[in-house]
Amino acid sequence: MTESPVSRRTPSIGKVAGPASRGAGDRTFGRVGNSLALIPFHAYVLVFLILPTLIVSVGAFTTSNGSVTLDNVRQLFTSDVFADAFVKSIQLSVATAILGAVIGGLLAWAVVRGDPNGLLRQLVVAASGVLAQFGGVMLAFGFLATFGFNALVPNLFTKTLHLNVLPDPSWLYSLAGLAVVYTYFQIPLMLIVFVPSLDGLRQEWYDASASLGGSAWSFWRHVGGPILAPSFLGALLLLFTNAFSAYATAAALISQGAPILTLQIAAQLQSEVVIGQENVGKALALAMIVVVAVVMILYAAIQRRASRWAR
Amino acid sequence: MTAPQGTSLGAAAPGGGALLSQPRPRGRGRRRRPGQLVARAIVLVVVLGYLVLPLFAMVEFSTRGDYGTRSLGSYEAILSYPNLIDGIVTSLEIAVLTVLGMLILLVPTMVWTVVRVPRMRRVVEFLCLLPLAIPAIVIVVGIGPIYQWMGQHLGAVGASPLTLALIDIILVLPYAYRAIDASLRSIDTATLADAARSLGAGWPRTILQVIVPNIRGGILSASVLAIALVLGEYTISSLLAFNTLQVVIYLLGKRDPFVSVAVSFAALVFAFVLLFVISRFAPGAVHRGQQTIEEPAA
Chain X
1 MTESPVSRRT
11 PSIGKVAGPA
21 SRGAGDRTFG
31 RVGNSLALIP
41 FHAYVLVFLI
51 LPTLIVSVGA
61 FTTSNGSVTL
71 DNVRQLFTSD
81 VFADAFVKSI
91 QLSVATAILG
101 AVIGGLLAWA
111 VVRGDPNGLL
121 RQLVVAASGV
131 LAQFGGVMLA
141 FGFLATFGFN
151 ALVPNLFTKT
161 LHLNVLPDPS
171 WLYSLAGLAV
181 VYTYFQIPLM
191 LIVFVPSLDG
201 LRQEWYDASA
211 SLGGSAWSFW
221 RHVGGPILAP
231 SFLGALLLLF
241 TNAFSAYATA
251 AALISQGAPI
261 LTLQIAAQLQ
271 SEVVIGQENV
281 GKALALAMIV
291 VVAVVMILYA
301 AIQRRASRWA
311 R
Chain W
1 MTAPQGTSLG
11 AAAPGGGALL
21 SQPRPRGRGR
31 RRRPGQLVAR
41 AIVLVVVLGY
51 LVLPLFAMVE
61 FSTRGDYGTR
71 SLGSYEAILS
81 YPNLIDGIVT
91 SLEIAVLTVL
101 GMLILLVPTM
111 VWTVVRVPRM
121 RRVVEFLCLL
131 PLAIPAIVIV
141 VGIGPIYQWM
151 GQHLGAVGAS
161 PLTLALIDII
171 LVLPYAYRAI
181 DASLRSIDTA
191 TLADAARSLG
201 AGWPRTILQV
211 IVPNIRGGIL
221 SASVLAIALV
231 LGEYTISSLL
241 AFNTLQVVIY
251 LLGKRDPFVS
261 VAVSFAALVF
271 AFVLLFVISR
281 FAPGAVHRGQ
291 QTIEEPAA
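Protein chains in written order, with the numbering used here: chain X, 1 to 311; chain W, 1 to 298.
If you're looking for bench data, these hints aren't it; they were derived computationally from the structure.
Positions of the beta carbon are idealized from the N, C-alpha and C atoms, including for glycine.
Fair warning: there could be bad hints in the mix.
[Claimed, not checked] These stretches of chain W come out as covered by chain X in the derived footprint (C-beta under 8 Å, 3 or more residues):
| no. | segment |
| --- | --- |
| 1 | 56 to 67 |
| 2 | 99 to 109 |
| 3 | 147 to 157 |
| 4 | 162 to 174 |
| 5 | 245 to 259 |
[To be verified] Among the chain W residues that face chain X by a calculated CB cut under 10 Å, a handful are:
| no. | residue |
| --- | --- |
| 6 | LEU51 |
| 7 | LEU79 |
| 8 | ASN83 |
| 9 | LEU92 |
| 10 | LEU132 |
| 11 | ILE137 |
| 12 | GLY232 |
| 13 | SER264 |
| 14 | VAL273 |
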């Protein structure tokens, strides 16, 4: 990662090839011109990513008519509703990240131990890609069809087994339901993120440990565990931000109120009626950026450490 | 080279990890402890079982007929909802625009950073990965005023749902960057470009006819990931009030849950087939490109 084959090679190309091999186009561009060709990309990112982020950041500190204020940010700390949503978002993200990382990590291990080019691995990886990234609303419906009213599992218990042991299906529409569905899509995300790290564990290391008389436990305790620890921690952080920024599933499941942060932001967007609070949504959005940015910086630091063993 | 990519790149791009990295080949005749086999089987059955359960429930739910019979009525009924068809068509159109826009924006830029301005490579990478750190819902909050402006000043074009492609291009940048970057690293792009240029090809021709065919695996992966992401996108289209596939599925869920579960299941299967096809064929395509280049160089 730090030194790619291409970036190592590129500077030498200029020296070896020299001016002779350069076409007319390059002379017209020149050194500054070379950077000019990147303008369309930068302009695009500026307008559709940086500008919106700036609008959020500036809006968080201004009133609707443009004067500077700290009221929006102050609301985050004084309003019980916002504080509650913030705490619940964090709790939900931490819980589902840990559950997803442990269960998904086990699944990744089980998949990697199989044939690397086998059908099982390819099926599981492709399915994980779909379930982890592209499912939001559809997965919510999947769970309604599983645990909802008149759905598969309750029907199985009440109609087929005649057991009235399940709680009322309305739990699915609450925070508990969110936790179950979030964990569901964290597992495949963990698999996708963690499989390459497990692939990095070399057969020679198992063999070396075994030939020295090590058991499976001592391998994981002294070799595999310490090597994978940074990757696991990094994945955990990634899963946290994934749950923290998720909106679609929550929007599809929760019909009453807005218990988590993303739903609060959406509610602010959809009903900007209260005079003087037009920009509270932007302050909430800024709070999200801050949390995610801190986690991503931590993640980048851990990732640098994790890549040490990956060559 | 695949392993470092996997660990350092893959993790930063959910969806780019195992989907884009290739497993390290293992020797045959690995010793296996019986305990490990049992543990592996238990994990696979329990966890995969849990992952399959809602999908199975979707099939069970969407194929319910009258009086306990099975029927495909819900799937046939998909065609009888014009809104649903509109949503599917809109999402597919956005997907096409997103793929085209992403490729036009990203491929020349990335090739250019490799060949001419390597010092900008880090900057481009950083900008491409930035959307991972900015949740979609935050982008909606900030882009709302921009879309309001577009709707007022750009007429029918500015108010069209197809403008969602503009944001979707941003959302797919991390995934697309990882996929194309992996391909660009597997070939000697700079030498290739210089060779084409010294033979008299202009830049458009160098990129389109020399570089692009050699990174087609990465381009294919990036495109498929983009299509899947657009078809599953809900947050932005719902909050900007555009009726894309996911928004229509959600609205339909309140009126006819059976049909909306049927569409959901069909869409998941469609995305799965797309990703399964790339995971099976795309790495091979990258690999072939690598061989044709490395041979003359060696």
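Do the hints match the structure? See the list:
Residues of the segment 56 to 67 of chain W with a Cβ under 8 Å from some Cβ of chain X number 6, which satisfies the need for three, so the listed coverage holds. Requiring three or more residues with a Cβ within less than 8 Å of a Cβ of chain X, the coverage given for the segment 99 to 109 of chain W holds, as 4 such residues are present. Proximity of the segment 147 to 157 of chain W to chain X, defined as three or more residues with a beta carbon under 8 Å from a beta carbon of that chain, is not established by the 0 residues found. Judged by the Cβ-Cβ criterion of 8 Å, the segment 162 to 174 of chain W is covered by chain X as claimed, because 5 of its residues qualify and three suffice.
Only when three residues or more bring their CB closer than 8 Å to a CB of chain X does the claim for the segment 245 to 259 of chain W stand; here the count is 5, and the claim holds. Because the smallest distance between the Cβ of LEU51 of chain W and any Cβ of chain X comes to about 7 Å, under 10 Å, the interface hint for this residue holds. This hint is violated: LEU79 of chain W has a C-beta 19 Å from the nearest C-beta of chain X, more than the 10 Å allowed. A least Cβ separation of about 15 Å between ASN83 of chain W and chain X goes past the 10 Å threshold, and the interface hint is therefore violated.
Hint status for LEU92 of chain W relative to chain X: violated, with the closest Cβ pair at about 14 Å, above 10 Å. Annotation: LEU132 of chain W was flagged as interfacial toward chain X, and the flag holds, the nearest CB pair being 7 Å apart, inside 10 Å. For ILE137 of chain W, the suggested interface contact is upheld, since its CB lies about 5 Å from the closest CB of chain X, less than 10 Å. At a threshold of 10 Å, the smallest CB-CB gap from GLY232 of chain W to chain X is about 3 Å, leaving the interface hint in force.
A distance limit of 10 Å between C-beta atoms decides the matter here; for SER264 of chain W the minimum to chain X is near 4 Å, and the interface restraint holds. Hint on VAL273 of chain W holds. Least Cβ distance to chain X is approximately 8 Å, under the 10 Å limit.
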